[in-house]
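Generate the whole structure from the sequences, applying the supplied hints.
Chains as they are written, first to last, in the numbering used here: chain S, 3 to 157; chain W, 4 to 765.
Don't read these hints as lab results, they were simulated from the structure.
Check the hints yourself; a few may be wrong.
[Said to hold, decoys possible] Subject to a maximum C-alpha distance of 20 Å in a straight line, what follows is the list of computed PhoX-like cross-link-like pairs (lysine-lysine):
| no. | chain 1 | residue 1 | chain 2 | residue 2 |
| --- | --- | --- | --- | --- |
| 1 | W | 576 | W | 558 |
| 2 | W | 689 | S | 130 |
| 3 | W | 632 | W | 576 |
| 4 | W | 759 | W | 380 |
| 5 | W | 268 | W | 233 |
| 6 | W | 632 | W | 694 |
| 7 | W | 405 | W | 608 |
| 8 | W | 169 | W | 337 |
| 9 | S | 130 | W | 427 |
| 10 | W | 558 | W | 467 |
| 11 | W | 535 | W | 546 |
| 12 | S | 130 | W | 694 |
| 13 | W | 694 | S | 151 |
| 14 | S | 151 | W | 13 |
| 15 | W | 265 | W | 233 |
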Amino acid sequence: MKRELTFILNGEAVTTEVDPQWTLLYLLREVLELTGTKEGCGYGECGACTVIIDGQAVNSCLFPVMEVEGKRVTTIEGITSKDGSMHPLQTAFINEGAVQCGFCTPGMIMSAKALLDAKDKPTEDEIKEAIEGNLCRCTGYVKIIDAIKSAAGGR
Amino acid sequence: MNNLTIVGKKIPKRDAPLKATGSAVYIQDLKIPGMLHGKILYSKYPHARITGLDTSMAEKLPGVRAVVTASDMPANFRIGVMKDNPPLKTGKVLSIRDEIAAVAAISPEIAEEALSLIKVEYEELPGTFDPLEAMKEGAPLIHEEAKSNILKMPWKLVCGDVEAAKKESAFIVEDTFSTPWVTHCCLGTSGCVAQLDAKNNLTLYSNTQIPSLAQNDYIEALNAFGLKGKRVRIVQSVIGGAFGSKLDTYAYEYIAILLALKTRKPVKIVFSREEEFFATSPRQCTITKISHGCDKEGRLTFREMEMVLDNGAYTSWGATTPSVMMLPISSLYKVPNVKYVAKCVYTNNTYSQAMRGYGNPQATFAIESSLDQLAEKAGIDPYELRLKNANEPGEITPQRFKITSCGMKECIDEVVKRLDWKGKKGKGGNRGVGMASLIHVGGGARVYKSDGCGTIIKMDDFGKVDVFTGASDIGQGSETIIAQIVAEVLGIPIDDVNVINNDTDICPWDVGVHASRTTFVAGNAALGAAKKIKAQILEIAAKLLEEEPASLDIKNGVVFSVKNSEKTIPLGKALRKLHYTLGGNMLMAEYFYDPANENFDKEFKGNLSVSYAYGAHGVEVEVDRETGKVKILNYIAAHDVGKAINPMLLEGQIYGGGLMGLGYALGEKMIYEKGYLKNGNFLDYKMPTVKDIPPVQAVIVETDEKDGPFGAKGIGEPGLVPTAPAIANAIYDAVGVRIKDLPITPEKVLAALREKEGQTHK
Ligand code: FES
Ligand code: FES
Numbered sequence: 003m004k005r006e007l008t009f010i011l012n013g014e015a016v017t018t019e020v021d022p023q024w025t026l027l028y029l030l031r032e033v034l035e036l037t038g039t040k041e042g043c044g045y046g047e048c049g050a051c052t053v054i055i056d057g058q059a060v061n062s063c064l065f066p067v068m069e070v071e072g073k074r075v076t077t078i079e080g081i082t083s084k085d086g087s088m089h090p091l092q093t094a095f096i097n098e099g100a101v102q103c104g105f106c107t108p109g110m111i112m113s114a115k116a117l118l119d120a121k122d123k124p125t126e127d128e129i130k131e132a133i134e135g136n137l138c139r140c141t142g143y144v145k146i147i148d149a150i151k152s153a154a155g156g157r
Numbered sequence: 004m005n006n007l008t009i010v011g012k013k014i015p016k017r018d019a020p021l022k023a024t025g026s027a028v029y030i031q032d033l034k035i036p037g038m039l040h041g042k043i044l045y046s047k048y049p050h051a052r053i054t055g056l057d058t059s060m061a062e063k064l065p066g067v068r069a070v071v072t073a074s075d076m077p078a079n080f081r082i083g084v085m086k087d088n089p090p091l092k093t094g095k096v097l098s099i100r101d102e103i104a105a106v107a108a109i110s111p112e113i114a115e116e117a118l119s120l121i122k123v124e125y126e127e128l129p130g131t132f133d134p135l136e137a138m139k140e141g142a143p144l145i146h147e148e149a150k151s152n153i154l155k156m157p158w159k160l161v162c163g164d165v166e167a168a169k170k171e172s173a174f175i176v177e178d179t180f181s182t183p184w185v186t187h188c189c190l191g192t193s194g195c196v197a198q199l200d201a202k203n204n205l206t207l208y209s210n211t212q213i214p215s216l217a218q219n220d221y222i223e224a225l226n227a228f229g230l231k232g233k234r235v236r237i238v239q240s241v242i243g244g245a246f247g248s249k250l251d252t253y254a255y256e257y258i259a260i261l262l263a264l265k266t267r268k269p270v271k272i273v274f275s276r277e278e279e280f281f282a283t284s285p286r287q288c289t290i291t292k293i294s295h296g297c298d299k300e301g302r303l304t305f306r307e308m309e310m311v312l313d314n315g316a317y318t319s320w321g322a323t324t325p326s327v328m329m330l331p332i333s334s335l336y337k338v339p340n341v342k343y344v345a346k347c348v349y350t351n352n353t354y355s356q357a358m359r360g361y362g363n364p365q366a367t368f369a370i371e372s373s374l375d376q377l378a379e380k381a382g383i384d385p386y387e388l389r390l391k392n393a394n395e396p397g398e399i400t401p402q403r404f405k406i407t408s409c410g411m412k413e414c415i416d417e418v419v420k421r422l423d424w425k426g427k428k429g430k431g432g433n434r435g436v437g438m439a440s441l442i443h444v445g446g447g448a449r450v451y452k453s454d455g456c457g458t459i460i461k462m463d464d465f466g467k468v469d470v471f472t473g474a475s476d477i478g479q480g481s482e483t484i485i486a487q488i489v490a491e492v493l494g495i496p497i498d499d500v501n502v503i504n505n506d507t508d509i510c511p512w513d514v515g516v517h518a519s520r521t522t523f524v525a526g527n528a529a530l531g532a533a534k535k536i537k538a539q540i541l542e543i544a545a546k547l548l549e550e551e552p553a554s555l556d557i558k559n560g561v562v563f564s565v566k567n568s569e570k571t572i573p574l575g576k577a578l579r580k581l582h583y584t585l586g587g588n589m590l591m592a593e594y595f596y597d598p599a600n601e602n603f604d605k606e607f608k609g610n611l612s613v614s615y616a617y618g619a620h621g622v623e624v625e626v627d628r629e630t631g632k633v634k635i636l637n638y639i640a641a642h643d644v645g646k647a648i649n650p651m652l653l654e655g656q657i658y659g660g661g662l663m664g665l666g667y668a669l670g671e672k673m674i675y676e677k678g679y680l681k682n683g684n685f686l687d688y689k690m691p692t693v694k695d696i697p698p699v700q701a702v703i704v705e706t707d708e709k710d711g712p713f714g715a716k717g718i719g720e721p722g723l724v725p726t727a728p729a730i731a732n733a734i735y736d737a738v739g740v741r742i743k744d745l746p747i748t749p750e751k752v753l754a755a756l757r758e759k760e761g762q763t764h765k
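Here's what the structure looks like:
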């Protein structure tokens, strides 16, 4: 049984029919075709599916779709400006070598963004705390931390 | 080489903007009109006879378009290195990843539901799960027709006379070491989309590491299906990690092709994380007996190793990892007499594949742990023992490797200096230091008849270039390295270089991303093509500028005369003049580079690579005697890379490899119990998180390899090779217990400490 759902997605109001069984990740990737948000496990253990809901970094693979009613959801596609210029975190990930295969990257950036939105100058421990749920097999995390620090420093 | 403007610089990865904005298309993201979704039914038991199979209910489910079983596959069609693996099984299943049936449906959910409607009846058979048991007389046979569980792939290397050397050795140590099953954990799971055109030519969207070889495998498969002379095109999506996991073609790909043939629709199969854990091929577990000897001065006299590897139920490249293990066994440090024998054994476990390092981490764990034992017995500081026996340029090793550039001593020195080895070694207080070195192929490796890679370069009307390379980018950054090399040679901005690397219809042949070969081999191929096209450009410009080609050069996309700086012509203008002329021409160059390395001879000897990569890792640890927990206080990873073409990407390989090695050392293990995987998820399989990273320094040692592109050697794999033994050695220095079985868990450390205390109290 489909239900109607209204929420703010990347700054714009969206009304769509959903199956209440869906996760937010399913709606984003399969229905709205926002495939920048990745699925690395589907059960809350890798962080590849991280999006921001009302300021909080959330694993969208576990998030019941009906619960975004009326909320503000930001995905990786929503942090690039309308004119195409990238978010400082995106630039920093690129310039600091924080991207290898890139599968973890959108989720990492969203976790980092939630952190930087809440805190201007996080400590290294706070950065680690923020991305602890985001697995990366390629980079050894070192340059990801560097990138987040540099994005924070540049603001 | 001093005036390099692009090579040697920290250039951001070319594909990073796509990835950081979420616009890169991975196999998960790919949709093709009309596409169906395939799912695979796996065996419930690790060893059983299939006594009944009924797919009728599944076929009737609305939305299902095809259900296939072994009877739909050509009889006798087998895949894998030993052709021992039918993509769909009938009769007997040999492991829990055995594919029995598959479904294509209009959605993944319907396909999944259809699987649950397939009825399979089994008669369980006793299994064999331990390679040592499997070798025994009377053990249940995995492949009955093979008549033995020991693979007919005898690995044996003999150099010099180990028995004689034993008699002359002043000190000898002997011990046994073991390593577990571990898996690649690519964040992007495996998958493909198979699509056939009206004439049954196949396009496979894939994340393979071996597009050219895979093409060959699928042509064979189409032949088996009775479709002779068909074309196969491999298009790689952006690859979400590989690390060796995609060095072979797998059952799921052949199943997707079969489903596409049955349905006449594109069929996509993408693994769930659960499947990625149990149905992909991991690094095998090994049991190694090693003995090592030295003379009174600490010069190594011999090394003898005997190894048993769990091959699992079928055979992929995992079975050939002993070939690369021979590299450290024969040639890590100067050791004149060497003997190595390895057996790969069939069991009812999953089946093994190579993983970053291709066997080198397993072998180096035993060698470098044993070396510390030898140093202790001989009363020599382990660092001095290593330095005394270190490899050197110009050496020819017992396996006939010709060592060209070699920065091993420099790497060891860096470790000693940065770790404050002399200040910290043996100081007690539950703290300790340890080190281990590595050798790996650094200039490709002739594992196939060819070790080649092709490159084509063409130029457009605006002076921009397209580079078509056979070398795949699996995240490591080869696209960027190739662009840097071409831009440097041609004197153009790097943004004017476009690299195309993912389509067999347009990219030239390459043997695959393995053996840390891409920077070296594909880099040299790009270098060759760039030099060729540069010569052509200068010739054309010479005519236009009325100059000799030899007195021209290119900078920032402008050809200029070195003698007369007034005389210039932008590349684009020269190209347009070439194109828009009666009897005009175009510019294109191609180059195939195949390094002058050698296949092993029958005795497994020969110069496998044209250059060798070295490194040394050092680590300081603190061990908690109450919990057995090991804390890494400092980690130094020094690598001889020839020349850093891109120091930033290079450090990324060292950090990434290092942390993968740390996971191998301290936490990762696939727990197989009687053939069932018990921890196939990210919660229970301890892949390192950001909380696990130690303070780490990547140290780059440059030795300028004469055959390398701009002096570079490979670095893809070395980063994780010496990690585990360096940590094990440091733990021994800290608390006097040696853990010989990876991973080094707190429980093992604690048990060893208890045992040691028990002994001292007796
Ligand atoms: S996909 Fe959501 S946490 Fe892994
Ligand atoms: S870059 Fe590959 S998983 Fe993070």
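(request) Report the numbers of all earlier hints that the structure fails to satisfy, in ascending order. (result) 3, 9
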